[in-house]
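The lines below spell out each chain.
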Amino acid sequence: MQILDHLWIIPALPLLGSALNGLLWRRMPKPAVSAIAVGSVLLSFAAFVKLWREFYEATHAAGGFVVPAVRTYFTWIAAGSFQADFALQVDQLTLVMLGVVTGVGSLIHIYSIGYMAHEEGYARFFSYLNLFMFFMLVLVLGANFLVLFVGWEGVGLCSYLLIGFYFLKKSAGDAGKKAFIVNRIGDFGFMLAVFLIFWTFDSLDFKQVFERAAAMPVETAGSYGVLTAICLLLFVGATGKSAQLPLYVWLPDAMEGPTPVSALIHAATMVTAGVYMVARSSVLFAHAPLAMATVAVIGALTAIFAATIGLVQNDIKRVLAYSTVSQLGYMFLACGVGAFAAGIFHLMTHAFFKALLFLGAGSVIHSLGGEQDLRAMGGLWRKIPWTHGVMLVATLAIAGAPLFSGFFSKDAILEAAFVSPYAIRPLYFLGLLTALLTAFYMFRLYFCIFHGTPRFDEHQVHVHESPWSMLAPLVVLAVLSLGGGWVGIPKLLWGENHFEHFLAPAFGAAEQLKVQAEAAHPAAHSIALEWGLMAAAIVVALAGALFAMRTYYSRPENADRLAARFAGPHRWLLNKYWVDEIYDFLFVHPIQWLSTNVFWRVMDVRAIDGAVNGVAWTAAAGGDRLRMAQSGNTRSYAAWVVLGAALLTTFLLWLGP
Amino acid sequence: MVPASYYLVLSAILFGLGVVGFVFKRNIITIFMSIELMLNAVNLAFVSFSRELGSLDGQVFVFFVIVVAAAEAAVGLAIILLIARNRQSLNVENVDLLKL
Chain A
263 MQILDHLWII PALPLLGSAL NGLLWRRMPK PAVSAIAVGS VLLSFAAFVK
313 LWREFYEATH AAGGFVVPAV RTYFTWIAAG SFQADFALQV DQLTLVMLGV
363 VTGVGSLIHI YSIGYMAHEE GYARFFSYLN LFMFFMLVLV LGANFLVLFV
413 GWEGVGLCSY LLIGFYFLKK SAGDAGKKAF IVNRIGDFGF MLAVFLIFWT
463 FDSLDFKQVF ERAAAMPVET AGSYGVLTAI CLLLFVGATG KSAQLPLYVW
513 LPDAMEGPTP VSALIHAATM VTAGVYMVAR SSVLFAHAPL AMATVAVIGA
563 LTAIFAATIG LVQNDIKRVL AYSTVSQLGY MFLACGVGAF AAGIFHLMTH
613 AFFKALLFLG AGSVIHSLGG EQDLRAMGGL WRKIPWTHGV MLVATLAIAG
663 APLFSGFFSK DAILEAAFVS PYAIRPLYFL GLLTALLTAF YMFRLYFCIF
713 HGTPRFDEHQ VHVHESPWSM LAPLVVLAVL SLGGGWVGIP KLLWGENHFE
763 HFLAPAFGAA EQLKVQAEAA HPAAHSIALE WGLMAAAIVV ALAGALFAMR
813 TYYSRPENAD RLAARFAGPH RWLLNKYWVD EIYDFLFVHP IQWLSTNVFW
863 RVMDVRAIDG AVNGVAWTAA AGGDRLRMAQ SGNTRSYAAW VVLGAALLTT
913 FLLWLGP
Chain X
65 MVPASYYLVL SAILFGLGVV GFVFKRNIIT IFMSIELMLN AVNLAFVSFS
115 RELGSLDGQV FVFFVIVVAA AEAAVGLAII LLIARNRQSL NVENVDLLKL
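So the sequences go chain by chain: A and X. One gets the working numbering by counting positions in the first sequence from 1 and adding 262 to each. One gets the working numbering by counting positions in the second sequence from 1 and adding 64 to each.
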């Protein structure tokens, strides 16, 4: 059987798993729940591997192969000239995303068996997690904006359900609601974009929309039009889902969910949906330079903004959450300067090392019996050597140590930010500064957890290494974090940059425009420049790491002195620039006031309740009058009947022919 | 041949008698019989038209009316019987439990 002809199987398997676990969990023992959940995702992964081979064979076969391969299953909505099919498609971009989602997803499912073993709601957890996989796969496989939107909203729902997994904790419920509401704002933009796309292109199919868009002129300065509007609105959607300024506030709070959820949804896959969507719409964005510039600037600003907050956070998962926001900013920076392949490359390597960081953090938390505060850790490296090893690999990868996966993807982005015709110089320096901060806060995290003197009560806490079901995925992810970047070794380092060549067909139209732009603004390309950029990236990473080592390892007392010297900025960062408080003041309180005093007390109580009560009161009063006709006297009824008949007859005779 | 108008006049007279009895009589049985009288007055009109127009439609209607009247008689007489048993009276003036 060709998976290429039965693409629906890939998302259907996790859906089946979710339904089985969600509906039959009362009758099933835990091992069966785990087997169904993990099995369905592993089968999905196997289907992906087979699909990959088929795709390769098909693209290499003589006669060529139409990319993307679209498979239409049924007409979903048909109304007037509007038609949307339930259609799935595969191209190179989808393949990469499928690999990340099913691969990392499988590992995290396996990890969850160990991590969630003693939790309430074991089957519920796996049911949600499988449902998430289903929607995420629909999202990346969808062949039109509507199917994409279904996946988009579905993963949002699962994110909400899983953030609020411990729903008896108020903070978890609040965090879930926050994520849902903030995402709703982004989705509003996305929906408007979809309407505008249909209005402009008379279709929602990727193929037709992108073909028609490619034939339109580029909307340069002074000729901004509908494409710019579409792209900006799409990007509003992306800022919600992918936690960019100004809608990033939900992601740090989303860490209330179980750690595997943070790893899968809020680091590796769902939050990258915005990047995927922007990359998928690369043709549209390439025609709207203003939107591109917006994406790049917002991305770079988010990267630096979140990185600074991450410097001082004390909750291990919050540091990683801000790091995720920052790295997502990197990906948008790449997309914004037209280096879509680099953005997707970083998306993939980030999925590996950030999933590893979260799962490793989960392993640390597990080993300390639930402790998440960095100030209560330290000196763990001897006690949990495996976790320590994989965390070190992940830290090196995200900091951009040479030859680790993050090095290649980050280098590709920084280079693009320097030489791309769409880029301006400050973007590059923001990116470089972020790289410095990233290395610093990641090594701070590493040293605080694993080195120095233990800051917990060693007699109270029994530190133990995690079970093999948790360690095995960590080791696999560590291998990927180390070697995952080798698919995209640049020419400079005698590589072939397979990854970019592989993705090239998916971004073909956008690339052409970029080449034209380059011709208009020739950038200084030279081997020396490339070496220089790479050296700069390595130097800042090293500087950040060494500074963190000096501050938190060699002389731990330095950290407090540093905080004391920069008390003002430190307070700003510790309080996350008071963004939550500002949003509370600017939006939440006014809206709550409006809801209470206008929508509730006036609209609801007076207008709506008033109208309903008024109707009821009128009916009652009318009935009271009409009751008089019911005299209870049989003979008066008889008289009424005769009178009525007489009137009716007269009336008919009067009007009669 | 007797002209149709004769039948129709008779029918109207019978119907009028039925209406008068229906409105002014107090005995339930009499009221009930008045209703039957009205029904049959209508039946008479139906058949006379049927004959005049040479169409069977009117006669078909008559059958319907007879069937309905029979059903009505069955139900109505049962109600009257119960009223008579419970109240020892057939005067409609006494059947006024719904009175305000």
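Derived by calculation from the structure, the hints in this document are not laboratory data. Only a predicted model underlies this, so the values are computations on that prediction, with no experimental measurement involved. Be aware that one or more of the hints could be misleading.
To be verified - Derived CB-CB ranges, DEER-like:
#1 141(X) / 877(A): 57 to 67 Å
#2 119(X) / 877(A): 29 to 39 Å
#3 874(A) / 74(X): 57 to 67 Å
#4 97(X) / 889(A): 27 to 37 Å
#5 909(A) / 138(X): 28 to 38 Å
To be verified - Some chain X residues well away from chain A (every beta-carbon gap over 12 Å; in silico):
#6 67
#7 69
#8 72
#9 73
#10 92
#11 114
#12 118
#13 129
Beta carbons are placed, not taken as given, at the ideal position from N, Cα and C, and that holds for glycine.
Hints, one by one, checked against the model:
| no. | hint | in the structure |
| --- | --- | --- |
| 1 | 141(X) / 877(A): 57 to 67 Å | violated (44 Å) |
| 2 | 119(X) / 877(A): 29 to 39 Å | violated (51 Å) |
| 3 | 874(A) / 74(X): 57 to 67 Å | holds (58 Å) |
| 4 | 97(X) / 889(A): 27 to 37 Å | holds (32 Å) |
| 5 | 909(A) / 138(X): 28 to 38 Å | holds (31 Å) |
| 6 | 67 | holds (22 Å) |
| 7 | 69 | holds (18 Å) |
| 8 | 72 | holds (15 Å) |
| 9 | 73 | holds (17 Å) |
| 10 | 92 | violated (8 Å) |
| 11 | 114 | holds (20 Å) |
| 12 | 118 | holds (21 Å) |
| 13 | 129 | holds (16 Å) |
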